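Could you put the whole structure together from the sequences, leaning on the hints where they help?
Heads up: the sequence shown runs through residues -40 to -1, 1 to 478, numbered per mature numbering (1 follows the signal peptide of the UniProt record, and there is no 0).
Bear in mind the hints are in silico, worked out from the structure with no lab data behind them. Predicted model, so just to flag it, every value in this text is computed and none were measured. In this text, a Cβ means the ideal position worked out from N, Cα and C, and glycines have one as well. Check the hints yourself; a few may be wrong.
Under the rule of at most 20 Å between Cα atoms (straight-line distance), these lysine to any residue pairs were calculated in the SDA-like manner [what the hints assert, rightly or not]: (1) K403 <-> L414; (2) K250 <-> L426; (3) K236 <-> R48; (4) K184 <-> Q431; (5) K123 <-> L186; (6) K236 <-> I51; (7) K163 <-> K184.
Taking CB as the label site, the calculated pair distances span [to be verified]: (8) E392 <-> F297: 14 to 20 Å; (9) N119 <-> R214: 39 to 45 Å; (10) W285 <-> N119: 29 to 35 Å; (11) T241 <-> I416: 33 to 39 Å.
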Amino acid sequence: MMDSTCNLVFAQFRKFTNRKEMATCSCLLLLVLHLASSRAENAEERLVNHLLGPERYNKLIRPAVNKSQQVTISIQVSLSQLISVNEREQIMTTNVWLFQEWNDYRLRWDPEKYGGIKKLRIPSKLIWLPDIVLYNNADGVYEVSFYCNAVNFPFDQQNCTLKFRSWTYDHTEIDVVLTSDYASRDDFTPSGEWDIVSLPARKNEDPNDITYLDITYDFIIQRKPLFYTINMIIPCILITSLAILVFYLPSDCREKMTLCISVLLALTVFLLLISKIVPPTSLAVPLIGKYLMFTMVLVTFSIVSCACVLNVHHRSPSTHYMPDWVKRIFLVRLPYFLFMTRPRSNNRDKLKAKFPIRSTTTLNSQLSTMRFGGDFFAQEDFAQKYPWKGTELPEGGGGFSDFGRSLAHPLDPALEEAVEGVKYIAEHMKTEDDDEGIIQDWKYVAMVIDRMFLWIFILVCVVGTLGLFMQPLFQSWNTPTADDAEYGTSKSSEGGNKGYFLLKLKQYELHFSSSVYL
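Take a look at the structure:
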């Protein structure tokens, strides 16, 4: 009984001892893990304190061993978005990434002494930064001032430059190099108004000034002309074509001059719209402005010619005399070359040939012959034209000779007055007919002038339009090169046991990271 009791107590004691050992091991394991993590955290903290300690690092001093040493900075621009191009203010707004790379010898460490840490991320405001700024910056989101060449607007190509320089240091203190000969377009968002032609970069140095250095990027962009073609050029051409109809309208139409003035006012409105888009400069006149001025001159010429045509159209024999050269040129020769015919003149000539109109002198001589005798009836064969009845012949059987002698006596005053009235009416009708013929001749001359101006206007308008809008086709535009077509080629980074910092700027936002190569 005693032995069994002892064995039970020993078993309980052994079980309690095993639990205590397990608890002790667990505590030791947790302590080791805590110490390991604390060691790692302390290593990163110790590394930061070591690198950025005030006794070792000053962010206001450039990373150079001595005063004569240059700090080489590699720069690369990556175009993200072309926001807008304001031609009037000559400002281009872009969204770009600016990559800068340099070596800071003060930010080196041995990973074995700091728990194998090879990467360290710290805020960029704690280290020295190269003060590379955009010299032609208009402050804001990379608003760049540039010279706008609006000669071929809206078929133009612009060159907007981005010039980067250090605000504090000169070339003797820092050296800026290009990472690539072209700006990158990996993150570029296409624009609806502009096409990117080329983004070359160059390093500018002044041989006469060793302190001068800048990096210049040329943003060569070409406008997409579809918007302005649909909204400006085509309406202008259509409005100009309306001016052609002015010469086709008849001169009796009262809307002839009104149409000319309406077209001129419409072109003036378009010219005012152009003046709000292009820059207010006297160095160059935009292409669309040249075309509007060209069409305005043509419409003004059409108004002047319309006034001349209306003046000719409303001429009459009582106010103007038609010279022979006018008849010869405008009634005979020009209508043939202008494919014009005048059927009324042919009918009138036929009527004149069939029924000749006698002059007043001939009629007076014939009346005198009737009064004072003669061979009037024999010459005119009056018996055949006006047969007389036998009862109307004079007595005695004298025939027409006796009737003619009877007419040789003085006529009755009433009959003579009636003859004079008939003669006056005949002369008046003849005069009106001649005047109407001359008026119709003047109207036909006006039609010939109208048709001549119509062909001249069409020819000048077509040649001028093609001549103006085909000028950009003969311009020597910049074309993208093979390297630029690939959106830029990045150069390989320098190797070695050096830590370097990559600085990315996007609209003044800084993203900082560091790397170490062993």
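Hints breached by this structure: 5, 7, 8, 9 and 10
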